[in-house]
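FYI, our numbering numbers position 365 of the sequence shown as 365, with every residue one higher than the one before it.
In case anyone wonders, no lab produced these hints; they're calculated from the structure. Check before you lean on any hint, since a few could be wrong.
Think about it this way: if two alpha-carbon atoms lie no more than 25 Å apart in a straight line, the pair counts; the simulated BS3-like pairs of lysine-lysine are [to be verified]: (1) LYS347 x LYS359; (2) LYS291 x LYS177; (3) LYS411 x LYS397; (4) LYS271 x LYS246; (5) LYS232 x LYS246; (6) LYS275 x LYS328; (7) LYS347 x LYS397; (8) LYS255 x LYS177; (9) LYS143 x LYS62; (10) LYS411 x LYS21; (11) LYS232 x LYS266; (12) LYS310 x LYS267; (13) LYS347 x LYS143; (14) LYS271 x LYS304; (15) LYS177 x LYS143; (16) LYS328 x LYS267.
Because the structure is a prediction, the values reported are computed rather than measured.
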Amino acid sequence: MTEIVALLQNIAPVVSATILKQMSQVIYGLLISNGRITMLEISRWTERGGSYRTIQRWYHSKLVWLQILWILFTSQLWKAGHEYIAAGDEVVFGKAGRETYGLGRFFSSLQQRVIPSLSFFAFSVIDVEERNSYPIQVAQMVKPAGEKAKKEKEKPAKAKQRPVGRPKGSKNKKDEKPTLSAELLRIQPILQAFLVVVRGVLSISYLVMDGHFGNYPSAWMVRQTGLQFVSKLRHDAALYEPFSGKYRGCGPHPKYGDKVDVHKMKKKYLKSDKKTDGIRTQVYQATLLNKEFAFSLNVVIVLKTNLSTKAQAHVILFSTDLELSYEKIIDFYTLRFQIEFNFRDAKQYWGLDDFMNVKQTAVTNAAHLSFFMVNFSSILLRRFREHNPEFSILDLKSHYRGCRYVSETIKLLPQKPDGILLAEIFEQIARLGMVHPAFEPVSTA
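Using the sequences and the hints given, assemble the complete structure.
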């Protein structure tokens with residue numbers, strides 16, 4: 001408990017002393033609990049001063065989570081000299097009932113269908129050297145009432161027959177502003193708020209998002225913030241080489257050259273060719289065009305061929321930075337998956353899937369708390385992983401649960417053991433439920 005209070009002192013400037021004390025109890029209960037993470041479950045494991053009413057008051061307090069998460073990162077997790085990139089993604093989890101704030105119908109990638117659920121969009125910073133993601137900005141995605149109904153009612157207008165030729169007075173529409181979807185309009189202010197905080201300390205140049213955002217409106221939105229975009233195109237995206245022929249002297253200057261066949265790429269674009277375990281992996285890189293984009297793309301195509309069956313599969317990655325190497329594009333997109341691990345830990349260990357709060361403030365606090373614990377647990381795990389790199393969150397929770405049992409047992413003894421024996425008892429009991437004990441077993445002979 002003392003260690004938790006000490007680490008929380010970093011965020012003391014942005015929360016009151018009462019909130020800080022309540023939060024330490026909430027975190028202590030989270031670290032011990034092995035059941036569903038609810039207010040009642042947390043209150044069962046806290047020490048004196050952590051009653052259910054105290055936990056409830058904390059959940060209904062308004063907190064500045066962006067500042068809290070950022071201060072924790074800069075004070076405990078940030079390492080000067082390391083390269084950082086940003087990643088963004090949406091997490092959706094099912095919720096029953098009708099009263100929970102923000103409840104709507106969102107697409108779940110796990111279930112591959114639209115479900116009654118809550119949706120949160122998160123932006124994180126990823127340490128390229130340590131290969132860890134740390135959530136910084138989290139916001140709930142709330143669909144306005146009637147958004148879907150309005151979309152269904154809209155009927156496409158009949159196309160009017162247009163006269164032959166270019167309309168009089170029309171101009172070239174270079175870098176035309178696209179129409180942002182309702183989803184992107186909700187994400188845009190979240191991204192802007194994230195960058196306002198981050199840019200004061202970190203020099204971030206790239207934002208990575210998954211293939212759902214591999215389109216022109218998303219790329220345009222990111223470029224407006226001054227960042228370069230890295231994402232994935234559809235497997236059947238139509239790509240063209242820039243026109244390199246001779247102008248015929250009449251009509252518009254051609255822009256698009258030969259269409260690219262990803263299975264028959266030209267040798268001049270080949271960057272890597274490796275064979276491992278019967279699989280041939282070829283990596284191609286080229287500056288190509290897509291008719292949906294108003295600018296050129298730095299495209300990397302990873303083509304895999306099964307040498308025995310000749311079956312092929314490919315992935316098309318791209319970046320708006322035309323100078324970025326293919327190794328960096330592949331590495332950055334691979335690192336994007338670290339934010340998925342954040343979502344997994346938040347759901348599995350820190351209550352993102354479990355909370356039963358329904359009011360807006362309580363829902364916001366419950367979701368942000370789970371992401372805060374993702375970062376907070378990373379700090380706590382460091383000292384254990386110095387001795388055992390495989391030490392996990394389950395081991396961390398077992399450690400705190402064991403210490404809680406010992407603490408309550410010691411209170412029942414007529415005389416408190418001496419310091420050496422007490423430390424040995426704590427160490428031995430704390431290891432009982434661990435999968436990867438951090439220290440060598442203490443002999444009881």
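Going down the list of hints, with the structure as the test:
Among the hinted pairs, LYS347 with LYS359 is consistent with the structure: their alpha-carbon atoms are about 20 Å apart, no more than 25 Å. Taking the CA atoms of LYS291 and LYS177, the gap is near 14 Å; set against the 25 Å cutoff, the hint holds. Taking the CA atoms of LYS411 and LYS397, the gap is near 22 Å; set against the 25 Å cutoff, the hint holds. Taking the CA atoms of LYS271 and LYS246, the gap is about 28 Å. The hint is violated against a cut of 25 Å.
For a cut-off of 25 Å, the pair hint linking LYS232 to LYS246 is broken: about 32 Å separates their Cα positions. Of the supplied pair hints, the one linking LYS275 and LYS328 holds, its CA atoms being roughly 21 Å apart against a limit of 25 Å. For the hint pairing LYS347 with LYS397, the CA-to-CA distance comes to about 15 Å; that is within 25 Å, so the pair holds. With a C-alpha separation of about 19 Å, the suggested pair LYS255 and LYS177 falls inside the 25 Å cut-off, and the hint holds.
Pair hint LYS143 plus LYS62 holds up; C-alpha atoms about 22 Å apart against a cutoff of 25 Å. The suggested pairing of LYS411 with LYS21 holds, with an alpha-carbon distance near 23 Å, which does not exceed 25 Å. Proposed proximity of LYS232 and LYS266 is supported: the alpha carbons are some 21 Å apart, at most 25 Å. Using a Cα cut-off of 25 Å, the hinted pair LYS310 and LYS267 holds, with the two alpha carbons roughly 19 Å apart.
A hinted pair counts as satisfied when its Cα atoms are at most 25 Å apart, and LYS347 with LYS143 qualifies at roughly 22 Å. Of the pairs offered as hints, the one joining LYS271 and LYS304 holds, with about 14 Å between alpha carbons and a cut-off of 25 Å not exceeded. For the suggested pair LYS177 and LYS143, the alpha carbons sit about 24 Å apart, so the restraint of at most 25 Å is met. The straight-line distance between the Cα atoms of LYS328 and LYS267 is roughly 21 Å, inside the 25 Å bound, and the hint therefore holds.
Checked against the numbered hints given earlier, this structure breaks hints 4, 5; the rest are met.
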